[in-house]
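Peer 1: Here are the chains, one letter per residue:
Number of protein chains: 2
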Amino acid sequence: MAAVESGAAGSSDLVLLDVFGSPYAQRVRIALAEKGLGYERVEQDLAAKGDLLRRSNPVHGKVPVLLHGGRPICESLAILEYLDEAFPSTPPLLPPPASDPYARARARFWAEYSDRLHVCGKRLWLRHDGEEVEPEARAEMVAVLRALDAELAGKEFFGGEEEGKFGYVDAAAAPFAAWFLTYERSGGISVAEECPGLAAWGARCARRESVAANVYTPEKVYELVQEYRQWVLGR
Amino acid sequence: MAAVESGAAGSSDLVLLDVFGSPYAQRVRIALAEKGLGYERVEQDLAAKGDLLRRSNPVHGKVPVLLHGGRPICESLAILEYLDEAFPSTPPLLPPPASDPYARARARFWAEYSDRLHVCGKRLWLRHDGEEVEPEARAEMVAVLRALDAELAGKEFFGGEEEGKFGYVDAAAAPFAAWFLTYERSGGISVAEECPGLAAWGARCARRESVAANVYTPEKVYELVQEYRQWVLGR
Chain A
1 MAAVESGAAG SSDLVLLDVF GSPYAQRVRI ALAEKGLGYE RVEQDLAAKG
51 DLLRRSNPVH GKVPVLLHGG RPICESLAIL EYLDEAFPST PPLLPPPASD
101 PYARARARFW AEYSDRLHVC GKRLWLRHDG EEVEPEARAE MVAVLRALDA
151 ELAGKEFFGG EEEGKFGYVD AAAAPFAAWF LTYERSGGIS VAEECPGLAA
201 WGARCARRES VAANVYTPEK VYELVQEYRQ WVLGR
Chain B
1 MAAVESGAAG SSDLVLLDVF GSPYAQRVRI ALAEKGLGYE RVEQDLAAKG
51 DLLRRSNPVH GKVPVLLHGG RPICESLAIL EYLDEAFPST PPLLPPPASD
101 PYARARARFW AEYSDRLHVC GKRLWLRHDG EEVEPEARAE MVAVLRALDA
151 ELAGKEFFGG EEEGKFGYVD AAAAPFAAWF LTYERSGGIS VAEECPGLAA
201 WGARCARRES VAANVYTPEK VYELVQEYRQ WVLGR
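Going down the list, the sequences are from chains A and B. Position one of the first sequence corresponds to residue 1 (the UniProt record's numbering), numbered consecutively onward. Position one of the second sequence corresponds to residue 1 (the UniProt record's numbering), numbered consecutively onward.
If we strip away everything but chain A, and leave its shape as in the complex, we get:
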């Protein structure tokens, strides 16, 4: 149930309620790894939610929830910001508040926007066998990919001008890069053809230790999506 990882000083009271395959939980694990913060991971059963999850996130009952000293922080992006603020001596995801408010606002916009990948993705893969992909769903996904690609603008990471800076938007969006193969097989959208820069960013993320350790491979994601699909559509 619980995997205990070696911890940086001061982080031994971090507990993460999560589900390994949840891209929102993956954001948090990636951020914790980037910061070198240790934590106890407590895998949740969303089909039979436990007391700790219900108490920690009474409003949504969702993962991820980060407990720090017993106090729950909910919502993946709020947790990322919290980690920057509560552990200021760790590598920051966002630029410091005083240095570049505009870059911070921009990163917040794009991190939030990356959720669209998951929302649009579902419209591509949650279909009965033989059912056509809606043209609007495909068009919307292409628009989302292109918008992200334009924001990346050929940089190595979204993190900013600084060379090789993996930041807030990267941590937020990296889990979805492992779904690109699913978009291709289920929705007929080749990210490599539509947005080569974004596809290269995804491959770069996949090679990064913080991501590789915390995200399923694209093949595994596709396989799990098929299982989930059968389960949902078969009910």
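Just so you know, the hints here were simulated from the structure itself, not pulled from any lab data. From the three backbone atoms N, C-alpha and C, an ideal C-beta is built for every residue, glycine too. Worth double-checking, as some hints may not be accurate.
[Said to hold, decoys possible] Computed footprint of chain A on chain B; a stretch qualifies when at least three of its residues, placed anywhere within it, have a C-beta under 8 Å from a C-beta of chain A: (1) 85 to 94; (2) 100 to 107.
[Said to hold, decoys possible] Which residues of chain B face chain A? A few of them, derived with a C-beta cut under 8 Å, are: (3) Val59; (4) Gly61; (5) Glu81; (6) Pro97; (7) Glu112; (8) Tyr113; (9) Ala147; (10) Tyr228.
[As the list claims (entries may be wrong)] Label-pair ranges, simulated between beta-carbon atoms: (11) B:Gly36 / A:Glu193: 47 to 55 Å; (12) A:Ala206 / B:Arg54: 32 to 40 Å; (13) A:Glu193 / B:Ser190: 49 to 57 Å; (14) B:Gly36 / A:Arg235: 50 to 58 Å; (15) B:Ser190 / A:Gly36: 48 to 56 Å; (16) A:Ala213 / B:Glu227: 50 to 58 Å; (17) A:Glu40 / B:Pro96: 28 to 36 Å.
Assemble chain B onto chain A, guided by the hints.
Peer 2: Quick look at chain B alone, frame taken from chain A:
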């Protein structure tokens, strides 16, 4: 088209693209008023979007957009955070980052959550004449109101322990207090009966100068909602 308001030093290059009745734009105007920041307001026609809006928010084409020195910041809550960071000598909405990361994370959660009021509200009022309110829609709205009421926990404002502190969640949620009458008339939900504390908070917000100047009265909201409803359902 443009209303110019007197400005605090350093804010003369703020331009707000908005629509007076948009609760998301109202959040930003309330925050600007709380901070004493002047700005030029440029009302937008969402039925015929102008070039400035399209260029400033190419992804969503929505209001509000705040232009600061010509650079666009999009998404109401990102704008609120930006104002705290770009104008650090003005009264903060959130506690400073170093002082209370937990309170900041919690405020982010609840500010985001307050959007549920608008989403649930629409399910109450966007109905044909004679069409029943769905019981699930009513139940969900009551749950949302109760969750906010529990978070308020009898305080004067959401802003925090500090007496009378109007903060980030208040600025985010105050525009929806003017919709409580619409929830009552359209959805049969009396906020005063369900959640007297939250209703009193709403009345307190309505009396606050920053809110009163930037939000329609509850009667006016109800009237505009009826017009909008006829227009949408009549199409």
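Peer 1: Checking against the hints above, which ones are violated?
Peer 2: The structure conflicts with hints 4, 10, although it agrees with all the remaining ones.
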